[in-house]
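S.K.: Generate coordinates for the entire structure from the input sequences, incorporating the hints supplied.
Okay, so the sequence shown: first residue is 1 according to the working numbering, each after it adds one.
One or more of the hints may lead you astray.
[To be verified] Within a straight-line C-alpha distance of at most 25 Å, the following computed PhoX-like cross-link-like pairs (lysine-lysine) qualify:
#	residue 1	residue 2
1	LYS207	LYS188
2	LYS172	LYS188
3	LYS141	LYS122
4	LYS84	LYS141
5	LYS280	LYS300
6	LYS172	LYS103
7	LYS103	LYS141
8	LYS140	LYS84
9	LYS140	LYS172
10	LYS84	LYS188
11	LYS141	LYS172
[What the hints assert, rightly or not] Quick list of simulated restraints, FRET-style, between CB atoms:
#	residue 1	residue 2	range
12	LEU222	GLU248	24 to 34 Å
13	SER138	SER164	20 to 30 Å
14	ASN61	GLU154	16 to 26 Å
15	ALA187	PHE133	30 to 40 Å
16	SER138	LYS280	52 to 62 Å
17	MET221	THR196	15 to 25 Å
18	GLN177	PHE260	45 to 55 Å
19	PHE260	GLY304	52 to 62 Å
20	ASP117	THR70	35 to 45 Å
21	ASP297	PRO57	54 to 64 Å
22	LYS172	ASN213	20 to 30 Å
23	LYS122	ASN61	22 to 32 Å
Honestly, the hints are just simulated from the structure, not real lab data.
Even for Gly, the Cβ is constructed at its ideal location relative to N, Cα and C.
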Amino acid sequence: MKMSPYPVTLLLFMGLGLFSTLVSAQSSQPGVIPSKPPSTQPEVTLPEIGFEFEGSPTLNNAELTETTYTGDCPGVTVDRDSFKARFYSSQSPPGEGRRVVIKNITTGMGDPAPYTDRDYSKGRLSESTTTEFGTEHSSKKFRVVTGTNLLSYEVRERGLVLESGQFQSTFKRNTQQLVRNAQWYEAKVCANSAITTNVCADLRRQKQFRCPNGDILRREMLDSENSSIRTLISNQSNRVVRLRISNELYSLEPGERLRFRRSSTNSFSVYYNGDCADCKVAQSTFVAPGKRLQFVDRGKGASGNRVELVDYPTTGEIEEE
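M.R.: Given below as structure tokens:
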């Protein structure tokens, strides 16, 4: 048999060269990516930890709206609801006997650093805490600064630390300026300003220059002013009531009313036969001028039907006597 004129080693060298050329050409073709073996490492899910704010869809992000008012009714209001925070941890949920302690360790905070200790025993989140801007610790609110705050936390169960770590929360302050002016309103007020309108027997019309937040800048009476103040006592019990005011004696049948006036806003005593119809006019109560009061049944006593003098609130719209 006739042998090839090329040595075996030369043929092997030529074959390897051809294989390398083919591989190189294939890898240089556009869109061709060498395949990789499938990964056997599971995907790592990072825990979610931090503050959840009312009205905010994003964890650890809060916006505070601060409004400055000019005009007749100047002032500053803050939307505090947007800064109510509750702690959340996806790896250490609330449990019986648990609390969470959160401390603001941002550079520049006071000593001691602001902290809050909240109940973490039920539901999905901790007990709420209200945050506000500041650097010193407060026993009422958790202090933060504008921007990103570095916070440390410890989840404790009956004093034992179950989880600890750090997270960042961002606090943004939005400011706006609005004009707020007062307007004239007509209102009904009691002649004795110490008495609310629902138990007042002497209502009068008043013109008020009033701010939207309820502050009254000026008042003007529309009704003619009367120095004396009217008081009303009604007998809503089922028996006759005898009473004495100063040195005057009165007798009220069931359903009857007594109206009288006094020139002072000082309280006075009303004496009446509270334990029975035939008892002495010995029971007493203090009454503020301008009030609506009523005698009501209080059941059977040792000597007969008992009555008591109490407030007589209006029902529905304010009644005018």
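S.K.: For the pair supplied as a hint, LYS141 and LYS122, confirm whether the alpha-carbon distance does not exceed 25 Å.
M.R.: Within the cut-off at roughly 22 Å; holds.
S.K.: Measure nothing beyond the straight line between the CA atoms of LYS280 and LYS300; if it is 25 Å or shorter, mark the hint as holding.
M.R.: holds (17 Å)
S.K.: Starting from LYS103, check that the Cα of LYS141 is at most 25 Å away, please.
M.R.: Roughly 12 Å between the alpha carbons, so the hint for LYS103 and LYS141 holds.
S.K.: So does PHE260 sit 52 to 62 Å from GLY304, Cβ to Cβ?
M.R.: violated (27 Å)
S.K.: Quick check on a hinted range of 35 to 45 Å for ASP117 and THR70, using CB atoms only.
M.R.: holds (40 Å)
S.K.: For LYS140 and LYS172, compute the direct alpha-carbon distance and say whether it is at most 25 Å.
M.R.: holds (21 Å)
S.K.: Given the hinted pair LYS140 and LYS84, is their Cα-Cα distance within 25 Å?
M.R.: holds (13 Å)
S.K.: Is 52 to 62 Å right for how far apart the beta carbons of SER138 and LYS280 are?
M.R.: Since SER138 and LYS280 have Cβ atoms about 59 Å apart, the given range 52 to 62 Å holds.
S.K.: Falls inside 54 to 64 Å, the C-beta gap from ASP297 to PRO57?
M.R.: Check passed, 58 Å falls within 54 to 64 Å.
S.K.: CB of MET221 to CB of THR196, is that within 15 to 25 Å?
M.R.: Holds, at about 18 Å.
S.K.: Straight-line Cα separation of LYS84 and LYS141 no greater than 25 Å?
M.R.: Holds: LYS84 and LYS141 sit about 10 Å apart, inside 25 Å.
S.K.: Honestly, do ASN61 and GLU154 meet the 16 to 26 Å range at C-beta?
M.R.: At 23 Å between Cβs, range holds.
Checked against the numbered hints above, the structure violates hints 2, 10 and 19; every other hint is satisfied.
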